[in-house]
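As a plain string of letters, each chain reads:
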Amino acid sequence: MGSGCDHPGWGSIETGGADMKIPVAAAIAIAFGLVVLAGYFLPLPELVSLRTILVQWSMIIASTALFVGVANLLRVHWFKLRKGGTASAYSFLLIASLLVTLVVVGLYGPTGSWSLWIFNSIQFPIESSLMAILAVVLIYSAARLMRRRMDLFSLLFGMAVLLVLLGSAPIFGIEIPFLYGPDGLRSLIVQIPAVAGARGILLGVALGTIATGLRILIGADRPYGG
Amino acid sequence: MNIVDILISPEGLGLVFLVVFLGSMIVFAVAGKNRPGQNLRGIVAFSRLGKAVGLAVEAGKRLHISLGWGGVSGMQGISGLLGLSVVERIARLASISDRPPVVSSGEGTLGILSQDTLSKTYRTIGEARQYDSGQGRVSGLTPFSYAAGVLPNIYDEQVSATVLAGHFGSEVALIADASERTDGLTLAGSDSIQAQAVMVAAAQEPLIGEELYAAGAYVNAGPLHASSLRAQDIFRWVLVVIILVGAALKLVGLI
Amino acid sequence: MADVRCPMCGKPNPEELELCQFCQARIKPLEGRSPAEEFNSPIGAEPPLDTGGEQDSIDEWLNFLRQSEDEGEPRPFDEEQLADWMKEDLDIKMPESQEPLEPEGTPDWLSSLRSIADEDAPEPPDVEKAQPAVEPSPTDSSEENEIPGWLSKLRSRRTAEEGEADQEFAFQLGEEPKISEQAGIQEDRSAISTESVSDWLSELRGEEAPVVDSSQPPELVQEELPAGQVEIGEEVVQPGVGVVSQDEDIPVVEADRASEIQPQTEEIPDWLAGIVAGGAAVAAAEGVEADLDNLPEWLADLEKSSALDREEIVPFGEEGEELTFDWLQTQVRAGQETPYGEELTSDTLGTEADTRGVGPFVGDLSDFLEEAELSSLEAAQPGVEQPGGDLSPAELPTWLEAMRPVDAAAGVYAIDAQDGQVESSGPLAGMQGVLPAEPEIARLKKPAVYALRLQVTESQRAHASLLDELVKSEGEPKEIPGRPAVTSPYLFRLIIFAVLISTILWQVFTGSRTSPLPGLMPETFDTSEIIDDLPENALVLLGVDYDPALAGEMEAAAASLVDHMMLKVAYLGLVSTSSTGPALGEHLIATVGSLSGNRYQGIEMYANLGYLPGGASGLQAFAQAPRQVAPFALDPETTAVWSNTPFQAAQDLAGFDLVAVITDDSDKARAWIEQVQPTLNGTPLIMVISTQAEPLVRPYYQANPKQVDGMVVGLAGGGSYEQSHQDLLAGNGLARKYWDAFSLSVLAAVVLIAVGGFVNLVTNLLNAQKQSKADKKR
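As they're listed, the protein sequences go chains A, B and C. Counting from 10, one number per residue, gives the positions in the first sequence under the working numbering. Counting from 332, one number per residue, gives the positions in the second sequence under the working numbering. Counting from 7, one number per residue, gives the positions in the third sequence under the working numbering.
FYI, nobody ran anything at the bench for these hints, they're computed from the structure. There may be inaccurate statements among the hints.
Keeping only pairs whose Cα atoms sit at most 30 Å apart, straight-line, the calculated DSBU-like set for lysine-lysine is [said to hold, decoys possible]:
1. Lys-574(C) x Lys-743(C)
2. Lys-581(B) x Lys-712(C)
3. Lys-776(C) x Lys-382(B)
4. Lys-478(C) x Lys-382(B)
5. Lys-364(B) x Lys-451(B)
6. Lys-382(B) x Lys-484(C)
7. Lys-779(C) x Lys-382(B)
8. Lys-382(B) x Lys-782(C)
9. Lys-451(B) x Lys-382(B)
10. Lys-574(C) x Lys-712(C)
11. Lys-364(B) x Lys-382(B)
12. Lys-451(B) x Lys-92(A)
13. Lys-484(C) x Lys-92(A)
The calculated label-pair distances, taken between Cβ atoms and stated as ranges, are [unchecked claim]:
14. Phe-41(A) x Glu-342(B): 17 to 23 Å
15. Ala-80(A) x Val-575(C): 41 to 47 Å
16. Leu-63(A) x Ala-646(C): 22 to 28 Å
17. Val-79(A) x Phe-764(C): 46 to 52 Å
With the Cβ distance kept under 7 Å, some of the chain B side facing chain A (calculated, not the full set) [what the hints assert, rightly or not]:
18. Gly-345
19. Met-406
20. Leu-412
21. Pro-483
22. Gly-540
23. Ser-559
24. Gln-563
We put the beta carbon where it would ideally sit given N, CA and C, even for glycine.
Whenever a hint applies, use it, and build me the whole structure from the sequences.
This is the structure:
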């Protein structure tokens, strides 16, 4: 199969990123990015202090983005509630709980008793339940792997899963010698091939991150619009 | 501190690395501007994605793109920005569909950017009236609440294909399972190791390693995407050599 | 002397010149026949020139020959090119000089014939006598009218080959061939001339015959014509130009043809004489009067049919009048014999006419018809000796055979009423079996009536109906088949849940603690050592960076460690990079307190610094300037921790005694390690991580120098820590509580994955096998 670029559905390569009009947003993004990058690599006091300030500004912007996310969540479910339908009840519940939590935490603080009660009684169990469901889903997915994709790597994947699970805990109180323990097969798998693979993946991810970051720095990619 | 000291310091070496990497990207972009997409190995996931876009348009269904909860800062944010490139391409292709694509995210910044990307895309193609701010939505502010908020999008909005491109945790298995229940295509890629491990078992088309970072080149998001992919390949080999040489030197006791 | 204008260049030339002195074009045309004469020429006579290119080529070499002849130059020829028989027979005297005069491409036989003709060139014929229908040129002379002897010989030869009848048809251009006395040569000439006779004759049949008046002979001589013009019948022909003036009813005869009209020979058969007389009569239809006094002998001998009624003659080509063969009938009757034995009418001809038709000849046809019949009959009888000894019987053309006498071969020439349709118009009116002049498709006929209904085939009808059904079905709502409530994946999920929940509930209800906790692990030992080394009232920064969903594992792993810190009366500072971190930190403190009895409450024992937004950036900022990033605690009084708590002793993170991070995410762990650890300056960093994050964090622990000083990994690490410090959590460690259920659940998961994977593998293999068989069958 050819590359994805040859697929007629993706169309031709566009040069949207090479638009000669660089808007103000792009100019600001590029300038600030270069300053932070330079401040990281060049140990100049001015740059370091400027970088520190800019990083702190990013924290403020990120926290503001949290409020924006909440507002967006509220808006989406508000429209769903107005539209009606079977899912509108859940949207109502979400909006109600959001408002109630906002009021309660606003009154008693994030570590107030009532705030913690909401967290401990509602969010904590719900998310723990989701985790339990995740366990079932993961077991089901592992069992169906042979049906979805039957190849050597899937077989190795399944065998590794079984070995690691078997070496994680004693079976009926019996510790399997060659599996269990710090010198067992399980520790060997986790500490050597798994770490090596993870490191390799992380190196590739790091290279991709560098490439993407550089594309954003030079203005080739402008996910921020403009 | 002179320039040489700076360059030989760890930070200086990093800066040199960045400059060389950027230069190679630009060189490859200029050299291959007439042959975009050349020498790209086939990735089945993107081919199937292209077909899924067409099928969704024909069937009157929509596509769902999930950007994760990684935000826009740090390494987690890069995968989310890559997801925005995919959003832009899919929005273009699916602009003729009766049901426009839906973009969900688990962080406020990504939610804003997804709305902005959709708006810009529709404006570019002259379909500004198609844009609805509700198409870019924040589904949840924690990983599992985000996963829980994505499930109704898949079950209730006639999604034929789900694209997961961003930072996820192990909760991505819930999203992939929901997509499989609706007989939709699941294409998943993340920078997180845990998410990749789960995606291998749960998703139909997982993107392992840095395949997610090649998405821009495969969906024709821009000319620099392909050239940066080539630069990555070259520097990967450089790192391999450095690691092997270092390990050998360490083995013989030189370092 | 009057000047003659050249027809080509228009310049005046002396009258006696044959060729123009300027352009060498012929001024005086060669002697030919009038159109009437040509029409009345006997069968087998030299046909007129061919049309088209063949005609042009003949004109060219003929003109050339004439020029050469006029110039009086001998025609040398190559002796070697002559055939032996020609040399022997002709007794040719070879000229000394051999200048090729003929134009290029002239065949050798022709050139040889020319030489023969040149030697034995006959005297120029008496044009006035031999060509009554042809106006001789004003400068008529034997020399000027002389035709090449070879040509006359050619014709004579052809005449001889056709047999006795053909010989009668032979003629010469106004002269009597001398070489005709030699029988052999005559035969050859006949043989040569046969083909040309057939050609001109066939053309004669095809061309429109000029209208002639049979009652009056054609005008032979016209006096007082302009120089260079020849009157042929009613036409005035100028050589080289063509017809100058013509009668409208008389078709135009080309000047070339007029010049080629051959004079009659003296030995003209009776039938030809009759034809000629009839032709003369036709030619005089419009007032052309023949000078009977000037008729040649042969023509004068011809019986003039007094019975010819001018009115009975229907000129050919005259529209609107149906042609009949009455005139032919009268001609035949004049010979006291009806070739066909009955009155010839159009109907008769249409029913019983021979397919070969009847030629439009006038005059007595009985004689030549008898002869033709005789020759054909003789040809049909192979045993009959042909006159002429070794002469091969002539192949009569079909039209000639058609004119056989009916009484001699009545059955052959019987007109078949069922055969063909009778021609109703044109020169062949009344004849049957004539090839239609118009193609069948051009004939007017009633157009066919086509049905207006669309003609479709069965397959087209089936396709159309299918398409119609498809279109109709588009608008019809289709019932979406409901998904079955219970499917195999649903069942499998239920089974998995049931198995897992049963193992957990069994342990809950039985309280079993049979599975031993894991032994002391190196990383947990190091962690324990670090905490043991903490001073009293140590300042510990506790990062709570895990999700509520994984709180079960993380609290089980970190509870004993936190309790160990509490036993050291360490001042805990809680911070988190996740929004739920502060709440989770509070929950952890409360859980540990409830288990161990060491309740930490109030700002005096711990400070919750809250949420650090920005992820790694926030951590970096906090690491660089913790006082600015997190100045207040989340207690109800919002205490300034950096001035009113033990935190005031720490200016930065390096002022803390220990930094402990509890996280389930490897990325967060790496962010803490990479952003915070460089700023610690020797402050130990320990991490309590989930089992899923171990592969990525362990290298930091195993590095040299270590970046992570101690680790507690998952439930097993927590159990190991509890095992090493059994006094912690008052023996109510969460790891201990969960360990049995955990081990059973792990075993169940292994079994489910193994069994389900095996079943799916076998199913997939079987399906693949079936698919391959199905593909092979195709």
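Subject >> Restraint status (C-alpha distance of Lys-779(C) to Lys-382(B) at most 30 Å) >> reply: Holds - the C-alpha atoms of Lys-382(B) and Lys-779(C) are around 29 Å apart, at most 30 Å.
**OP:** Look at the Cβ atoms of Phe-41(A) and Glu-342(B) and judge whether their distance stays inside 17 to 23 Å.
**Re:** holds (19 Å)
**OP:** For the pair we were handed, Lys-382(B) and Lys-484(C), check the Cα-Cα distance against 30 Å.
**Re:** Holds, at roughly 25 Å.
Original post:
Should the hint that Leu-63(A) and Ala-646(C) are 22 to 28 Å apart at their CB atoms be regarded as holding?
Top reply: holds (26 Å)
Original post:
Is the hint on Met-406(B) kept, meaning its closest Cβ partner in chain A is under 7 Å away?
Top reply: holds (5 Å)
Subject >> Restraint outcome when Pro-483(B) is required to lie within 7 Å of chain A by C-beta distance >> reply: Where the cut-off is 7 Å and the nearest Cβ of chain A is about 6 Å from Pro-483(B), the hint holds.
**OP:** Go through the hint on Ser-559(B) and say holds or violated, using the shortest Cβ distance to chain A against 7 Å.
**Re:** Result: holds, 4 Å to nearest chain A Cβ.
Subject >> Hint consistency between Lys-364(B) and Lys-451(B) [alpha-carbon to alpha-carbon, up to 30 Å] >> reply: holds (25 Å)
Subject >> Restraint status (C-alpha distance of Lys-581(B) to Lys-712(C) at most 30 Å) >> reply: holds (17 Å)
**OP:** Could you see if the CB distance from Val-79(A) to Phe-764(C) stays within 46 to 52 Å?
**Re:** holds (48 Å)
Original post:
Is the straight-line distance between the alpha-carbon of Lys-484(C) and that of Lys-92(A) 30 Å or less?
Top reply: Cα-Cα ~26 Å, so holds.
Original post:
Can we keep the Leu-412(B) interface hint, with Cβ of chain A closer than 7 Å?
Top reply: Check passed: Cβ of Leu-412(B) comes within 5 Å of chain A, closer than 7 Å.
Every hint from the earlier list agrees with this structure, and none is contradicted.
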